[in-house]
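FYI, in the working numbering the residues of the sequence shown are 85 to 424.
Derived from the structure by calculation, the hints contain no laboratory data.
Being a predicted model, the structure only gives us computed values, none of them experimental.
Among these hints, one or two may not hold up.
Cut-off 16 Å, straight-line C-alpha distance, at most; resulting in silico cross-link-like pairs (EDC-like, lysine to aspartate or glutamate) [unchecked claim]:
{"no.": "1", "residue 1": "409", "residue 2": "322"}
{"no.": "2", "residue 1": "210", "residue 2": "182"}
{"no.": "3", "residue 1": "210", "residue 2": "167"}
The following label-pair restraints were derived from C-beta to C-beta distances [as the list claims (entries may be wrong)]:
{"no.": "4", "residue 1": "318", "residue 2": "126", "range": "35 to 43 Å"}
{"no.": "5", "residue 1": "256", "residue 2": "215", "range": "53 to 61 Å"}
{"no.": "6", "residue 1": "200", "residue 2": "153", "range": "34 to 42 Å"}
{"no.": "7", "residue 1": "92", "residue 2": "416", "range": "47 to 55 Å"}
{"no.": "8", "residue 1": "385", "residue 2": "420", "range": "14 to 22 Å"}
{"no.": "9", "residue 1": "183", "residue 2": "87", "range": "21 to 29 Å"}
Just so it is clear, CB atoms sit at the ideal spot from N, CA and C, and this is done for glycine as well.
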Amino acid sequence: MRTITLGQTGITTPQNAFGALPIQRVDMETAVRILHKAYDGGITFFDTARAYSDSEEKLGEAFHDMRDKIYIASKTMAKTPEDFEKDLDTTLHNLRTDYLDIYQLHCVNQCYRPGDGTGMYEAMLKAKAQGKIRHIGITAHKIGIAEEIVESNLYETLQFPFSYLATDRDIALVRACTEAGMGFIAMKGLSGGLLNNSNACMAFMSQYDVLPIWGIQSEKELDEWLAFFDNDVVMTQELQAVIDKDRTELLGEFCRGCGYCMPCAVGIQINQCARMAQMIRRSPSVNWLSERWQEEMMKIEKCINCGACMKHCPYELKTPELLRKNLEDYKNILAGRVTV
C-alpha cells in the first residue's frame, strides 16, 4: 500500500482513506463496528462533514478515546464567520475532540481570500490560531474554482472529484496541486457509484499524488478496500481495458448522484433518476425496474422546469434535460424496445 503525504501538512497516511458520508445511513452500532474495522485494517484518515447528519457523532463515538491514532477532516457549508464558528464548535462537540486535523470550506462557489469582505478566510485563520484546526482545507466541484484555489496558494488541501473518468484538465489540476505543495483529497472516486471495479479504481489512484476517500457504509464494501493492504494493485493491461471501456460508455455529462440539487419541487428523486440510464446497465436491472422505481421515474413527467436543480448542481448540469433523456430510455426498456 502506497503512503501519501498531503502537501506540506505533514499528514502521512496510506493511500486508502474512509469517506464517512454513507455511515449516516446505518445505525450507531453498525457504524462504530465498521469504523473500528477500518482502523484495525490499516485506514487512518477519516473524512466527514457537518452536512452529513450524524456522521460526525458516529466518528466521535468510535474514536474519542484514540484520537491521537487517526486523522479526522470535517467541513462546513457556512457562508458567514458566525455560522462558521457555530459549525466548528458543533463538529468538535460531535467528534468529542478539541481539534480537527483538517477543516474544509465545503462545496464552495468562490475562492475565499483575506480581505474579500466575507470574513471566511479570516475565520479559518482565527480557528487555526486557537488550535481548533491544524490545517486549512477547501472542497470544490467546479474545475474553474478549483484551479483558482490552487493558484491562490492560500489552502493546504483541496478536495475535488477525481476518478478514472477524469479529464486531462482534472489531471492537470492534480499535478498543479503537487507542484504548489497542496494536498489533494480525491472524492467521488467511484463517480457516485457508477464505477464498480475497485481494482481499476485503486490502480488508477496509485498513479497520482492523491488521497482517495472511498464512501463506505457496509463491511462488505469496506472489505474490498482493506484487501489492498494485503494485496497491492498496479495498473495492468486488463485493468486499463476496464477503464477504457468505462470511459467510452460514461464520459460526458452525467449525474454523480451527490444530491445537492434536492429536494425537488415535485418530488423527483433527481440523484437517481437523472442517471438511471447508467445505473440500470451497471447493476441488476430488476432492482431498477420495480414498481417503486417505475413510479419514481414517471414523476419526471411532472417536472415544471423551475430550474432550481440546475441552480444547485455543483457540476452545472442541464438536469431537466438529463431527466427527460433518462425517462425516454427507461420507457424504451420497459417496452422491450431496448435491452439491458
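Q) Which of the stated hints cannot be reconciled with the structure, identified by number in ascending sequence? A) 1, 4, 5
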